[in-house]
Amino acid sequence: MYLSEAATLAPLDAPSAAAPRPALSPHLRRLEAEAIHIMREVAAEFRHPVMLYSIGKDSSVMLHVARKAFWPGKPPFPLLHVDTTWKFREMIAFRDATAKALDWELLVHVNPEGASRGIDPFRSGSSLHTQVMKTEALKQALDKWGFDAAFGGARRDEEKSRAKERVFSHRTAAHAWDPRNQRPELWRLYNTRIARGESMRVFPLSNWTELDVWQYILAENIPVVPLYFAAERPIVERDGALIMVDDARMPLEPGERPEPRRVRFRTLGCYPLTGAVESDARTVEEIVHELVTSRASERQGRVIDHDDKASMERKKREGYF
Amino acid sequence: MSAAVATLARPVAAPVPAGRGLLRFLTCGSVDDGKSTLIGRLLYETKAIFEDQFASLENDSRRHGTTGGDIDFALLVDGLEAEREQGITIDVAYRYFSTPRRSFIVADTPGHEQYTRNMATGASNADLAILLVDARKGVLTQTKRHSVIAALLGIRHVVLAVNKIDLVGYDRAVFERIVADFHAFADELGFRSIVPIPLSARFGDNVTAPSAATPWYGGPTLIGHLEEVDVDEAAQDLPFRLPVQWVNRPNLDFRGFSGTVASGRVRIGDPIVAASSGRQSKVKRIATFDGDRAEAVAGDAVTLVLADEIDAPRGEVFAEPKARPSVTTRFLARLVWMTDDALLPGRSVLLKIGTRTVPATVRAIRSVLDVETLAERQSETLGLNAIGLAEIETVSPVAFDVYEDNRETGAFILVDRFSNATVAAGMVREALGATNVHRHGFDVDRAARAGLKHQRPLVVWFTGLPGSGKSTIANLVERKLHALGRHTAMLDGDDLRQGLNADLGFDLASRGENVRRAGEVARLMTEAGLVVLCAFVSPVRADRERLRARFAEGEFVEVFVDAPAELCAARDPKGLYAQAREGKIASLTGVAQSYEPPLAPELVLDAAAADAEALAERVVALVEPLISGVRPTAEDSAAL
Numbered sequence: 001m002y003l004s005e006a007a008t009l010a011p012l013d014a015p016s017a018a019a020p021r022p023a024l025s026p027h028l029r030r031l032e033a034e035a036i037h038i039m040r041e042v043a044a045e046f047r048h049p050v051m052l053y054s055i056g057k058d059s060s061v062m063l064h065v066a067r068k069a070f071w072p073g074k075p076p077f078p079l080l081h082v083d084t085t086w087k088f089r090e091m092i093a094f095r096d097a098t099a100k101a102l103d104w105e106l107l108v109h110v111n112p113e114g115a116s117r118g119i120d121p122f123r124s125g126s127s128l129h130t131q132v133m134k135t136e137a138l139k140q141a142l143d144k145w146g147f148d149a150a151f152g153g154a155r156r157d158e159e160k161s162r163a164k165e166r167v168f169s170h171r172t173a174a175h176a177w178d179p180r181n182q183r184p185e186l187w188r189l190y191n192t193r194i195a196r197g198e199s200m201r202v203f204p205l206s207n208w209t210e211l212d213v214w215q216y217i218l219a220e221n222i223p224v225v226p227l228y229f230a231a232e233r234p235i236v237e238r239d240g241a242l243i244m245v246d247d248a249r250m251p252l253e254p255g256e257r258p259e260p261r262r263v264r265f266r267t268l269g270c271y272p273l274t275g276a277v278e279s280d281a282r283t284v285e286e287i288v289h290e291l292v293t294s295r296a297s298e299r300q301g302r303v304i305d306h307d308d309k310a311s312m313e314r315k316k317r318e319g320y321f
Numbered sequence: 001m002s003a004a005v006a007t008l009a010r011p012v013a014a015p016v017p018a019g020r021g022l023l024r025f026l027t028c029g030s031v032d033d034g035k036s037t038l039i040g041r042l043l044y045e046t047k048a049i050f051e052d053q054f055a056s057l058e059n060d061s062r063r064h065g066t067t068g069g070d071i072d073f074a075l076l077v078d079g080l081e082a083e084r085e086q087g088i089t090i091d092v093a094y095r096y097f098s099t100p101r102r103s104f105i106v107a108d109t110p111g112h113e114q115y116t117r118n119m120a121t122g123a124s125n126a127d128l129a130i131l132l133v134d135a136r137k138g139v140l141t142q143t144k145r146h147s148v149i150a151a152l153l154g155i156r157h158v159v160l161a162v163n164k165i166d167l168v169g170y171d172r173a174v175f176e177r178i179v180a181d182f183h184a185f186a187d188e189l190g191f192r193s194i195v196p197i198p199l200s201a202r203f204g205d206n207v208t209a210p211s212a213a214t215p216w217y218g219g220p221t222l223i224g225h226l227e228e229v230d231v232d233e234a235a236q237d238l239p240f241r242l243p244v245q246w247v248n249r250p251n252l253d254f255r256g257f258s259g260t261v262a263s264g265r266v267r268i269g270d271p272i273v274a275a276s277s278g279r280q281s282k283v284k285r286i287a288t289f290d291g292d293r294a295e296a297v298a299g300d301a302v303t304l305v306l307a308d309e310i311d312a313p314r315g316e317v318f319a320e321p322k323a324r325p326s327v328t329t330r331f332l333a334r335l336v337w338m339t340d341d342a343l344l345p346g347r348s349v350l351l352k353i354g355t356r357t358v359p360a361t362v363r364a365i366r367s368v369l370d371v372e373t374l375a376e377r378q379s380e381t382l383g384l385n386a387i388g389l390a391e392i393e394t395v396s397p398v399a400f401d402v403y404e405d406n407r408e409t410g411a412f413i414l415v416d417r418f419s420n421a422t423v424a425a426g427m428v429r430e431a432l433g434a435t436n437v438h439r440h441g442f443d444v445d446r447a448a449r450a451g452l453k454h455q456r457p458l459v460v461w462f463t464g465l466p467g468s469g470k471s472t473i474a475n476l477v478e479r480k481l482h483a484l485g486r487h488t489a490m491l492d493g494d495d496l497r498q499g500l501n502a503d504l505g506f507d508l509a510s511r512g513e514n515v516r517r518a519g520e521v522a523r524l525m526t527e528a529g530l531v532v533l534c535a536f537v538s539p540v541r542a543d544r545e546r547l548r549a550r551f552a553e554g555e556f557v558e559v560f561v562d563a564p565a566e567l568c569a570a571r572d573p574k575g576l577y578a579q580a581r582e583g584k585i586a587s588l589t590g591v592a593q594s595y596e597p598p599l600a601p602e603l604v605l606d607a608a609a610a611d612a613e614a615l616a617e618r619v620v621a622l623v624e625p626l627i628s629g630v631r632p633t634a635e636d637s638a639a640l
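Top line first, the protein sequences correspond to chains A and B. Just so it is clear: in the first sequence, position 268 is 268 by full-length UniProt numbering, and no numbers are missing. Just so it is clear: in the second sequence, position 469 is 469 by full-length UniProt numbering, and no numbers are missing.
Hints were generated in silico from the structure; no laboratory data involved. Here the structure is a predicted model, which is why all the values come from computation and not from measurement. One or more hints might be untrue.
[Unchecked claim] Which stretches of chain A does chain B cover? Using the computed rule of at least three CB atoms under 8 Å from a CB of chain B, they are: (1) 83-92; (2) 99-113.
[As the list claims (entries may be wrong)] Have a look at the derived ranges for each label pair, beta carbon to beta carbon: (3) A:Gly240 <-> B:Val231: 39 to 47 Å; (4) A:Arg196 <-> B:Asn251: 55 to 63 Å; (5) A:Ala174 <-> B:Arg479: 22 to 30 Å; (6) A:Ala174 <-> B:Glu372: 39 to 47 Å; (7) A:Glu285 <-> B:Arg192: 36 to 44 Å.
Note that beta-carbon positions come from the ideal geometry of N, C-alpha and C, so glycine has one too.
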């Protein structure tokens with residue numbers, strides 16, 4: 001149903017092992033090796049792991065590193081996308097093209113109750129929408145397939161409460177996170193033991209920063225959703241956020257009219273909740289350059305983070321990734 | 001409205017952080033020494049705080065700040081709600097910043113005493129420690145504790161940050177006295193560099209620029225030092241080690257051993273040995289997604305293909321044949337104990353070292369370290385946050401190096417078998433060699449047999465009326481113990497009467513003999529190291545008391561399943577009561593023969609008050625600590 005955007009997809013050439021590339025900086029090599037180590041540890045010690053695929057730049061890096069970790073074998077776990085049904089159309093097209101190009105099993109879960117209740121970020125509000133279509137949906141999906149470990153692309157530099165998250169983050173059988181009772185994480189010795197019904201969220205990119213991610217994408221020539229690159233897009237300005245009108249479901253308020261603006265996205269989520277930034281960066285090189293000179297944080301465009309004080313931490317305790 | 005719209009700066013010429021490498025350091029100090037403020041200051045000075053974060057910080061400073069309206073940098077890093085309210089950092093937080101010369105990962109670790117485990121956590125991955133001291137308070141016990149932990153965890157470079165120097169009037173004498181106090185204590189700790197810096201995190205003195213208020217100080221600024229300090233410990237120059245993490249076998253044509261090189265380097269053609277099995281081979285390929293490599297060094301995550309088909313499962317360690325790690329079941333280690341219930345000798349745990357997880361027992365505690373005097377004191381136990389020396393014995397041999405020689409292969413964690421909590425950080429001090437094991441000469445006796453099973457033998461004797469639920473509960477208890485990895489056996493009255501006791505009747509003398517034989521069988525089973533669950537009506541008190549006398553103190557647990565006769569008769573799972581009422585059974589206990597309840601059983605289960613599942617849980621809560629040799633925690637005691 002999102003076919004119209006497929007034409008804008010960047011080519012998804014699987015990187016060939018023979019193609020010569022500039023060597024990674026020592027810093028990126030170390031981060032990559034650490035992520036590979038974490039992924040192998042999970043594959044070896046868990047019964048049924050899964051890799052959460054959110055389609056964003058961090059996920060793109062995570063998938064790429066996973067292919068390296070198990071090469072010449074394939075990563076021994078499927079991909080899982082929790083679809084809120086409000087993602088940008090280009091994201092869905094990119095998701096399907098990526099899974100196909102990499103020949104990687106992709107599971108998609110939509111919260112059926114939320115869908116039938118008609119939960120919607122505009123009318124239901126961003127908090128309820130996120131709670132039902134992301135947090136609850138994720139728990140449903142993990143239970144449905146019985147996953148005991150789930151990789152996520154979250155980084156500690158994204159947000160304050162994430163800074164204290166472990167690489168291996170233990171969740172109770174009810175998927176709750178207890179920030180007061182986290183296991184100490186010493187050396188590279190991850191404690192992977194869980195009781196029946198419990199699970200682990202695992203963040204192999206914990207120590208990466210936004211700049212590291214983009215420099216790695218540049219060095220490794222990793223395809224990303226074109227929404228990250230500046231282009232003229234239909235935009236309305238709402239509460240200080242630049243919202244792209246991605247489809248006809250967005251109710252316009254009186255006097256609101258989508259205007260073409262040259263924008264790009266620094267993070268990708270549900271389109272009504274993701275603010276764009278004005279930018280001329282049309283290539284990965286230009287994005288890297290922009291970041292070095294930027295004075296605004298990455299999550300500033302995220303509407304849900306500002307809902308209330310410490311809102312991210314509350315979401316996480318409830319099981320949000 | 002448009003003023004609030006995010007606009008990214010147009011690209012202008014700006015330096016991209018160069019790849020001079022990464023420095024991982026941690027900050028530690030006492031409560032209120034200003035760690036969070038210092039990190040906030042570092043992020044601010046290195047422009048790692050973005051505009052919207054700064055706006056949120058100004059907002060928070062007005063609401064929660066402790067600096068009277070000024071920007072409170074601590075709020076930038078104290079992420080969690082609870083600690084905002086308490087004003088205490090309760091966990092390790094990681095921060096990232098870079099200067100044009102270097103990238104940094106900071107572990108912010110707490111100063112509060114009960115969270116010392118987090119300090120050890122931060123230190124385990126750090127190359128340098130910033131020890132904060134409040135200029136007004138000087139070197140405190142906590143400063144010493146943190147110095148010792150940093151040193152034990154292998155940190156060789158420290159910065160003594162004498163903070164709040166503004167509050168002592170930038171007094172040189174105060175600074176110099178603190179530095180002298182610290183040296184007097186820390187010079188024994190083996191640090192390679194100790195750099196004292198007088199600073200004010202709140203006002204920024206000597207953080208990035210030399211302060212005009214300390215003209216007497218000629219050393220580096222904090223950032224200046226962090227950019228310059230050389231912490232390369234030359235892990236690549238140590239002997240080659242690679243713990244096998246994942247055997248990569250996608251098809252019949254490829255068999256590789258994936259893992260991260262822990263130390264040293266390996267090239268194609270190098271001979272290697274699998275440390276545990278002793279099997280040798282040569283490196284045929286170093287395979288990666290980006291093409292084969294000629295060499296891999298410490299820190300690289302690679303896949304080795306060997307010239308010979310040798311078996312090397314996950315947990316095996318590949319090593320240089322001429323410089324092998326120790327391979328043994330016993331070693332002496334430094335432990336940092338990280339959980340509330342104190343460590344006692346004999347505790348059974350899981351030990352994870354490299355990629356190997358193996359059952360182990362803490363055989364003996366030799367001493368505990370006094371962090372103030374650095375003296376080793378004799379101790380039988382290690383409490384929360386204690387740092388001690390202990391003898392560890394693993395079920396099968398493990399490969400390791402001494403931690404001082406190799407941080408990667410000498411480190412381990414201990415995991416509780418019951419709660420799965422990480423209970424200790426461990427660092428190998430020395431192998432207790434094979435000769436040592438032989439000299440001890442373990443005969444294969446009951447202790448040895450039980451030791452192999454990592455449990456203490458025990459008899460749990462369920463007594464009570466027919467139909468009270470003894471067998472049902474005993475069966476549930478056995479399932480639960482089995483699930484915990486316990487080796488068990490079940491003796492049931494009805495079963496024994498089918499075979500061993502088929503010749504016995506139901507008169508009192510026969511009942512006595514029935515109990516005696518069952519008890520002797522149970523005793524033989526404890527010789528084999530088993531936990532034996534016995535479900536027998538055993539109505540005569542004297543019979544049970546005789547039985548108890550056959551066992552060592554603490555090895556016989558009597559559980560009275562207390563059910564009123566009416567309840568048993570109503571349940572009547574075997575139809576015995578019905579038959580007795582019809583006169584078909586003449587000697588049913590509770591009907592024709594009396595039952596003598598125990599006077600002092602270890603446990604009374606009120607069968608009318610809870611279901612069998614809940615009653616079985618209570619039995620497990622009582623016996624599991626006896627089996628594991630670990631004292632019950634307060635929570636366990638409450639569950640009884």
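Outcome for the supplied range 36 to 44 Å, where the beta carbon pair is glutamate 285 of chain A and arginine 192 of chain B: holds (41 Å)
If I claimed the Cβ atoms of alanine 174 of chain A and glutamate 372 of chain B lie 39 to 47 Å apart, would that claim hold in this structure? Check passed, 44 Å falls within 39 to 47 Å.
Using a Cβ cutoff of 8 Å, are there at least 3 residues of the stretch 99-113 of chain A near chain B, or does the coverage claim fail? violated (count 0)
Holds or violated: the stretch 83-92 of chain A covered by chain B, criterion of 3 or more residues with Cβ-Cβ distance under 8 Å? violated (count 0)
Note whether the CB distance of arginine 196 of chain A and asparagine 251 of chain B lies within 55 to 63 Å or breaks it. Distance hint for arginine 196 of chain A, asparagine 251 of chain B is violated at roughly 34 Å.
Take a look at whether the Cβ-Cβ distance between alanine 174 of chain A and arginine 479 of chain B falls inside 22 to 30 Å. holds (24 Å)
Cβ separation of glycine 240 of chain A and valine 231 of chain B, checked against the hinted range 39 to 47 Å: For valine 231 of chain B against glycine 240 of chain A, whose Cβ atoms are near 44 Å apart, the range 39 to 47 Å holds.
Taken one by one, the earlier hints fail for this structure at numbers 1, 2, 4, listed in ascending order.
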